[in-house]
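K.L.:
Sequence:
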Amino acid sequence: MLVLGIESSCDETAAALVRDGREVLSNVVASQVATHRAFGGVVPELASREHLRNIGYVVRQALREGGCTLGEVDGIAVTQGPGLIGSLLVGVSYAKAMAWASGKPLVPVHHVEGHIFSAFIENPGIEYPLLALTVSGGHTSMIHAPRPGEYEIIGRTRDDAAGEALDKIAKFLGLGYPGGPVIDRLARDGDPRRFPFSIPKISDGRLDFSFSGFKTAALRHIAEAGIRPVRPGAPAPRVVLDLVASYQRAIVDTLIGQVKKAEARLMPRSLLLVGGVACNSLLRESFRKTFESRERPVRVYIPSPAYTTDNAAMIAAAATPRFGRSPALDLALNASASLPLGG
Numbered sequence: 001m002l003v004l005g006i007e008s009s010c011d012e013t014a015a016a017l018v019r020d021g022r023e024v025l026s027n028v029v030a031s032q033v034a035t036h037r038a039f040g041g042v043v044p045e046l047a048s049r050e051h052l053r054n055i056g057y058v059v060r061q062a063l064r065e066g067g068c069t070l071g072e073v074d075g076i077a078v079t080q081g082p083g084l085i086g087s088l089l090v091g092v093s094y095a096k097a098m099a100w101a102s103g104k105p106l107v108p109v110h111h112v113e114g115h116i117f118s119a120f121i122e123n124p125g126i127e128y129p130l131l132a133l134t135v136s137g138g139h140t141s142m143i144h145a146p147r148p149g150e151y152e153i154i155g156r157t158r159d160d161a162a163g164e165a166l167d168k169i170a171k172f173l174g175l176g177y178p179g180g181p182v183i184d185r186l187a188r189d190g191d192p193r194r195f196p197f198s199i200p201k202i203s204d205g206r207l208d209f210s211f212s213g214f215k216t217a218a219l220r221h222i223a224e225a226g227i228r229p230v231r232p233g234a235p236a237p238r239v240v241l242d243l244v245a246s247y248q249r250a251i252v253d254t255l256i257g258q259v260k261k262a263e264a265r266l267m268p269r270s271l272l273l274v275g276g277v278a279c280n281s282l283l284r285e286s287f288r289k290t291f292e293s294r295e296r297p298v299r300v301y302i303p304s305p306a307y308t309t310d311n312a313a314m315i316a317a318a319a320t321p322r323f324g325r326s327p328a329l330d331l332a333l334n335a336s337a338s339l340p341l342g343g
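Residue numbers are given in this note's numbering: position 237 of the sequence shown equals residue 237, and the series is strictly consecutive.
Keep in mind that the hints were calculated from the coordinates and are not lab data.
We put the CB at the ideal spot given by N, CA and C, even for glycine.
Careful, some of the hints might be misleading.
[What the hints assert, rightly or not] Pairs of lysine-lysine, PhoX-like flavour, derived with a Cα cap of 20 Å:
no.: 1; residue 1: Lys-261; residue 2: Lys-289
no.: 2; residue 1: Lys-215; residue 2: Lys-201
no.: 3; residue 1: Lys-171; residue 2: Lys-215
no.: 4; residue 1: Lys-168; residue 2: Lys-215
no.: 5; residue 1: Lys-260; residue 2: Lys-215
no.: 6; residue 1: Lys-260; residue 2: Lys-201
no.: 7; residue 1: Lys-261; residue 2: Lys-201
[Said to hold, decoys possible] Restraint ranges, calculated between C-beta atoms of paired labels, are given here:
no.: 8; residue 1: Arg-193; residue 2: Gly-149; range: 39 to 45 Å
no.: 9; residue 1: Arg-231; residue 2: Asp-204; range: 40 to 46 Å
no.: 10; residue 1: Ala-101; residue 2: Arg-322; range: 19 to 25 Å
no.: 11; residue 1: Asp-74; residue 2: Pro-148; range: 16 to 22 Å
Work the whole structure out from these sequences, hints included.
P.N.:
Right under this line is the structure:
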């Protein structure tokens, strides 16, 4: 089955052609980083305007690179939510128009389910039950899937997402946008033991996350050490390298610690690390080192960086098993900024 996927939940306009949920024929992404860099974060109205500007080109390019026409596509998949409502509406409206004009079936996809399926693109043999850590700028959650299509959120952030926590401190230090990749690079030359960060303890026994305390502690360290924002183009001083290394290590340790608890309780056959922050080198290394060295047989799956950040290949992959079970076209389909998983 050949599926055209469309993704526009935040600040990337993406389209992809995927055959049978695993063979990626094209994966086109138009980034908006340059547009939002001056503001230090995503500006929703600008994001939706850029989606309107890019969506037609991105879809045509995906078809061109995939070597086929819309008539040869078996179905269309689109991110329905959650995300920025203005951004989502661009993708959903475009996908509905294409489906109506071509007579192709249309399947809406939850953005987080797409991230889970990003691991299946390169590893179609992933076994259930699975436990997925989904970590990005907008989402930080642990999802238990006992069988295909069934999802239970067993842990979520109580404040900021992990990627958001990284971006905010990077912005405060003048490190640029997006801050997560910059911190990842600079932290390799820093001492992660120099600045102490206390790992938050969730007293009610839930498997939730909290990162706001790390930001507060980082701001206190910045004030006490007299750290000033790094000037554009200037090298980061040693104290900044050590701070971001310590900060990043605390976030990674928190994520790994909660996954360890969940893995011990649920004993899944597969562990997935997905989402944009899954590009972080320390998190990838720590995740593999922690869980692949265990005696209990659990397989670890982390997608390639091309499939961890927002993309449409994962949306097409997630939709593939559902074609034939969904209506051909629901003209009442609409975007949802707070779409529940499984909703």
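K.L.:
Confirm or reject each hint.
P.N.:
The hints, checked one at a time:
{"no.": "1", "hint": "Lys-261 <-> Lys-289", "in the structure": "16 Å, holds"}
{"no.": "2", "hint": "Lys-215 <-> Lys-201", "in the structure": "16 Å, holds"}
{"no.": "3", "hint": "Lys-171 <-> Lys-215", "in the structure": "12 Å, holds"}
{"no.": "4", "hint": "Lys-168 <-> Lys-215", "in the structure": "8 Å, holds"}
{"no.": "5", "hint": "Lys-260 <-> Lys-215", "in the structure": "24 Å, violated"}
{"no.": "6", "hint": "Lys-260 <-> Lys-201", "in the structure": "14 Å, holds"}
{"no.": "7", "hint": "Lys-261 <-> Lys-201", "in the structure": "12 Å, holds"}
{"no.": "8", "hint": "Arg-193 <-> Gly-149: 39 to 45 Å", "in the structure": "44 Å, holds"}
{"no.": "9", "hint": "Arg-231 <-> Asp-204: 40 to 46 Å", "in the structure": "44 Å, holds"}
{"no.": "10", "hint": "Ala-101 <-> Arg-322: 19 to 25 Å", "in the structure": "22 Å, holds"}
{"no.": "11", "hint": "Asp-74 <-> Pro-148: 16 to 22 Å", "in the structure": "20 Å, holds"}
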